[in-house]
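Protein chains: 2
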Amino acid sequence: MNTIRQPLIPITDAGDDRVAEFRDIRERDLVGRQGLFIAEGRVVLRMLARSSHFTAQKILLLENRVTGMADVLSEFAADIPVMVCNADVMDSIAGFPMHRGVLAVGRAHAAPDFRKAVANLPEDALVLACNAISNHDNLGSLFRNAAAFSADLVCLDGQCCDPLYRKSIRVSVGAALTVPYVRGGDIGEMIDVLDNSGFDILALSPEGKVSILDIETRGRKALLVGTEGEGLPKSLMDRTGSVRIPQSSDFDSLNVATAAAIAMFCLKGRGDRVG
Amino acid sequence: MNTIRQPLIPITDAGDDRVAEFRDIRERDLVGRQGLFIAEGRVVLRMLARSSHFTAQKILLLENRVTGMADVLSEFAADIPVMVCNADVMDSIAGFPMHRGVLAVGRAHAAPDFRKAVANLPEDALVLACNAISNHDNLGSLFRNAAAFSADLVCLDGQCCDPLYRKSIRVSVGAALTVPYVRGGDIGEMIDVLDNSGFDILALSPEGKVSILDIETRGRKALLVGTEGEGLPKSLMDRTGSVRIPQSSDFDSLNVATAAAIAMFCLKGRGDRVG
Numbered sequence: 014m015n016t017i018r019q020p021l022i023p024i025t026d027a028g029d030d031r032v033a034e035f036r037d038i039r040e041r042d043l044v045g046r047q048g049l050f051i052a053e054g055r056v057v058l059r060m061l062a063r064s065s066h067f068t069a070q071k072i073l074l075l076e077n078r079v080t081g082m083a084d085v086l087s088e089f090a091a092d093i094p095v096m097v098c099n100a101d102v103m104d105s106i107a108g109f110p111m112h113r114g115v116l117a118v119g120r121a122h123a124a125p126d127f128r129k130a131v132a133n134l135p136e137d138a139l140v141l142a143c144n145a146i147s148n149h150d151n152l153g154s155l156f157r158n159a160a161a162f163s164a165d166l167v168c169l170d171g172q173c174c175d176p177l178y179r180k181s182i183r184v185s186v187g188a189a190l191t192v193p194y195v196r197g198g199d200i201g202e203m204i205d206v207l208d209n210s211g212f213d214i215l216a217l218s219p220e221g222k223v224s225i226l227d228i229e230t231r232g233r234k235a236l237l238v239g240t241e242g243e244g245l246p247k248s249l250m251d252r253t254g255s256v257r258i259p260q261s262s263d264f265d266s267l268n269v270a271t272a273a274a275i276a277m278f279c280l281k282g283r284g285d286r287v288g
Numbered sequence: 014m015n016t017i018r019q020p021l022i023p024i025t026d027a028g029d030d031r032v033a034e035f036r037d038i039r040e041r042d043l044v045g046r047q048g049l050f051i052a053e054g055r056v057v058l059r060m061l062a063r064s065s066h067f068t069a070q071k072i073l074l075l076e077n078r079v080t081g082m083a084d085v086l087s088e089f090a091a092d093i094p095v096m097v098c099n100a101d102v103m104d105s106i107a108g109f110p111m112h113r114g115v116l117a118v119g120r121a122h123a124a125p126d127f128r129k130a131v132a133n134l135p136e137d138a139l140v141l142a143c144n145a146i147s148n149h150d151n152l153g154s155l156f157r158n159a160a161a162f163s164a165d166l167v168c169l170d171g172q173c174c175d176p177l178y179r180k181s182i183r184v185s186v187g188a189a190l191t192v193p194y195v196r197g198g199d200i201g202e203m204i205d206v207l208d209n210s211g212f213d214i215l216a217l218s219p220e221g222k223v224s225i226l227d228i229e230t231r232g233r234k235a236l237l238v239g240t241e242g243e244g245l246p247k248s249l250m251d252r253t254g255s256v257r258i259p260q261s262s263d264f265d266s267l268n269v270a271t272a273a274a275i276a277m278f279c280l281k282g283r284g285d286r287v288g
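Heads up: the sequence lines are chains W and P, in that order.
Just so we're aligned: 233 in our numbering is position 220 of the first sequence, and the numbers increase by one with no gaps anywhere.
Just so we're aligned: 216 in our numbering is position 203 of the second sequence, and the numbers increase by one with no gaps anywhere.
In case anyone wonders, no lab produced these hints; they're calculated from the structure.
Among these hints, one or two may not hold up.
Identical copies go unnamed one by one, so any copy, or any two together, can satisfy a pair.
To be verified - Below, simulated EDC-like cross-link-like pairs (lysine to aspartate or glutamate); rule was C-alpha separation at most 20 Å, straight line: (1) 180 with 241; (2) 247 with 202; (3) 129 with 229; (4) 180 with 150.
Remember, predicted model here, so these are calculated numbers, not experimental data.
Build the full structure now, drawing on both the sequences and the hints.
Structure (structure tokens):
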């Protein structure tokens with residue numbers, strides 16, 4: 014049984030300034046947060062504690078979750094404020110019924126430089142490059158799948174949504190806090206940098222020219238995925254290699270995150286090099 | 014340009030009895046519907062029109078969607094009522110902003126008999142057997158992926174949610190209306206029937222004994238998946254073969270629908286037998 018080192022701070026008033034960051038989180042999810050984000054749930058908090066890219070600022074727990082969270086709290090620094098409240102206060106703070114009762118505010122460290130991040134990748138490396146993924150579920154799932162197949166870096170262009178939105182983090186099961194990523198800029202420029210760094214660019218599309226099974230799995234590979242519906246712009250498809258996943262010709266194609274999962278599984282030697 | 018054969022019925026009052034089935038669909042989604050279901054969106058309506066298991070009863074369109082739906086309407090019978098309204102009336106009927114503006118009520122035909130459905134499968138067949146999938150997103154995604162890899166039958170035990178809920182159908186991109194399925198009963202009995210019909214039962218789990226890549230792809234295969242979190246009951250795991258997808262040991266594992274997609278991709282000869 015872990016001892017809880019952090020001082021527990023009882024919160025009895027939803028208007029308390031010390032929980033301001035947690036207020037109305039469902040609404041505030043939709044606005045920019047200056048590097049701050051909300052992490053929720055036991056698994057995600059554990060990944061926040063272990064992350065080297067993010068730091069927890071404060072934690073808010075439902076009183077009946079404290080004992081069960083002792084092992085997770087032991088992984089956080091001893092000076093992180095841990096606030097505790099009952100269900101009524103929690104729901105008033107969050108602005109909706111917050112059954113899980115496990116929340117933290119995290120802060121992102123300085124964003125890594127894209128060129129430097131790419132330059133530092135190993136000779137065998139898998140990058141997942143995302144163009145205009147605007148759906149938080151899809152982006153969260155892409156991170157989850159990137160983690161499952163040990164992708165080395167996720168590149169998000171400026172048209173992608175924020176992986177630190179509450180829902181993205183939740184759907185990623187915390188992988189948005191552990192898989193290294195860079196964000197912003199033009200997808201064409203990102204592709205140029207990857208191309209110049211020796212990456213094979215593989216645009217994933219139902220119309221891809223080569224089956225993903227025919228791609229050599231060693232070396233530097235960048236899997237490029239675009240938003241569902243429109244798919245990748247033709248200008249991008251024309252200047253890259255393109256790959257497809259063999260599937261039924263009757264059907265509308267796989268979800269982007271599912272397709273990426275299968276492609277990453279194949280590119281990681283059908284999963285035998287994911288360690 | 015297709016001519017619209019169906020008579021168009023203007024609806025100017027959200028209280029009109031002829032649109033009763035479409036009223037407050039978000040709420041009613043959660044209750045049983047006696048074989049009736051709501052289909053929404055252009056792609057799903059096209060699949061409803063082509064389905065041999067389901068029949069459309071009526072269609073409701075936003076007035077500015079009618080022209081663009083002419084090709085889809087041409088696939089429905091000429092005597093299906095097509096009702097048309099403006100955005101205000103549509104939103105009042107549906108009970109929330111209904112931007113897509115393309116809805117239909119469908120009815121399921123008599124449910125197929127499970128034993129008969131299994132007996133009629135070919136010698137090379139893939140069945141997806143689902144235990145206690147209670148999340149509509151996951152169930153919809155499982156159907157979408159079953160369609161992408163041409164699974165022959167989906168078996169849902171009595172603990173699974175209804176694939177005809179609006180959200181399941183939408184997430185399945187209509188695959189819930191095209192992939193044959195049977196529903197209800199005990200998963201153990203389903204497994205017995207499949208086992209007695211010559212199916213290899215492959216329980217998919219992060220703790221599976223055999224890599225999915227080492228499974229012979231010919232013959233009758235039943236992929237068994239369970240709910241996330243708890244996973245498959247140990248009693249089921251003990252009496253079946255179990256398979257795993259090679260993936261990172263650091264991570265919490267893939268979403269059930271994503272894992273099933275990868276497994277079905279592998280079981281269909283890495284997708285080269287999906288026709």
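To see whether the hints hold, each was checked on the structure:
no., hint, in the structure
1, 180 with 241, "both (19 Å within a copy, 18 Å between copies)"
2, 247 with 202, "within (16 Å within a copy, 51 Å between copies)"
3, 129 with 229, "neither (26 Å within a copy, 44 Å between copies)"
4, 180 with 150, "both (7 Å within a copy, 15 Å between copies)"
When held up to the earlier numbered hints, the structure conflicts with hint 3 and nothing else.
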